[in-house]
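Q: Mapping of the sequence shown onto this note's numbering: position 14 corresponds to residue 61, and the numbering continues sequentially without gaps.
Just so you know, the hints here were simulated from the structure itself, not pulled from any lab data.
Among the clues, some could well be false.
Stated by the list, open to error - DEER-style ranges, computed between Cβ atoms: (1) PRO170 to THR85: 31 to 39 Å; (2) THR172 to ALA152: 39 to 47 Å; (3) THR85 to PRO155: 33 to 41 Å; (4) GLU106 to GLU149: 34 to 42 Å; (5) VAL204 to ARG98: 14 to 22 Å; (6) HIS175 to VAL204: 25 to 33 Å; (7) LYS227 to ALA120: 33 to 41 Å; (8) GLY159 to MET119: 30 to 38 Å; (9) ALA247 to ARG117: 34 to 42 Å; (10) SER108 to ARG133: 14 to 22 Å.
All residues carry an ideal CB built from backbone N, CA and C; glycine is no exception.
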Amino acid sequence: MTGQARPGPGADRGPAPVFTRTDPRLGEFRVRPVDPETDVPLLHGWLTHPRSHFWMMTEASEDDVAREYRRMAASEHEHAYVGEWRGGPCFLAERYDPGHSELAAHYPVLPGDTGMHFLVAPPDTPVHGFTRAVITTVMELLFSDPGTERVVVEPDVRNHAVHALNAATGFRVDATVALKDKDAHLSTCTRAQFRAALAAAPTTGGASR
């Protein structure tokens, strides 16, 4: 269950991936940067779906989504990605620098901390273990950067499904914090915690923000 960074062009289909990972049960996942000019209709459909209510964009227009991902594309501290499986897009992932976010006022940001959000597209046909495979792919992407020592997440306290998934992935809740639009469980996962969780359940699986 390893991933390999592949910067630059050269993919044999679609936009060049920045990362690929082969899941032992579900096969290859490819991750590429979000294109804020062409991906907006896709992302709008995902973000406004009722299943995505914890992202708080269910009432967003396509212009709202375009504005947000153009802003992110121009930022030095945030990056957004689309994940693909079997030739089609299936998840959104975001990474950010906690030191340049509102989290900096709530915990001591350490060198090597990387913030993360991810969202699995609403499935036509659910696949057992798919969400676990997605979060594992996102974590492998983040830890493929040697500068990443710890992943930080801040899911809504009411998002019980993702708390269970995060715990199974190696995250531990450090604090409950009041952010501007939610109360969140500030949780962290070191490389060692992630590797231990992966070894304990290498082929198992559960959306997150």
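Q: All hints are to be evaluated individually against the structure, with a verdict given for each.
A: Results of checking the hints against the structure:
1. PRO170 to THR85: 31 to 39 Å: violated (22 Å)
2. THR172 to ALA152: 39 to 47 Å: The hinted range 39 to 47 Å holds for THR172 and ALA152, with Cβ atoms some 43 Å apart.
3. THR85 to PRO155: 33 to 41 Å: holds (39 Å)
4. GLU106 to GLU149: 34 to 42 Å: violated (22 Å)
5. VAL204 to ARG98: 14 to 22 Å: Holds - the Cβ-Cβ distance for VAL204 and ARG98, about 18 Å, lies within 14 to 22 Å.
6. HIS175 to VAL204: 25 to 33 Å: holds (27 Å)
7. LYS227 to ALA120: 33 to 41 Å: Since the Cβ atoms of LYS227 and ALA120 sit about 23 Å apart, the hinted range of 33 to 41 Å is violated.
8. GLY159 to MET119: 30 to 38 Å: About 21 Å separates the Cβ atoms of GLY159 and MET119, which means 30 to 38 Å is violated.
9. ALA247 to ARG117: 34 to 42 Å: This hint holds: roughly 40 Å between Cβ atoms.
10. SER108 to ARG133: 14 to 22 Å: violated (30 Å)
Hints 1, 4, 7, 8, 10 from the list above are not met by this structure, while the remaining hints are.
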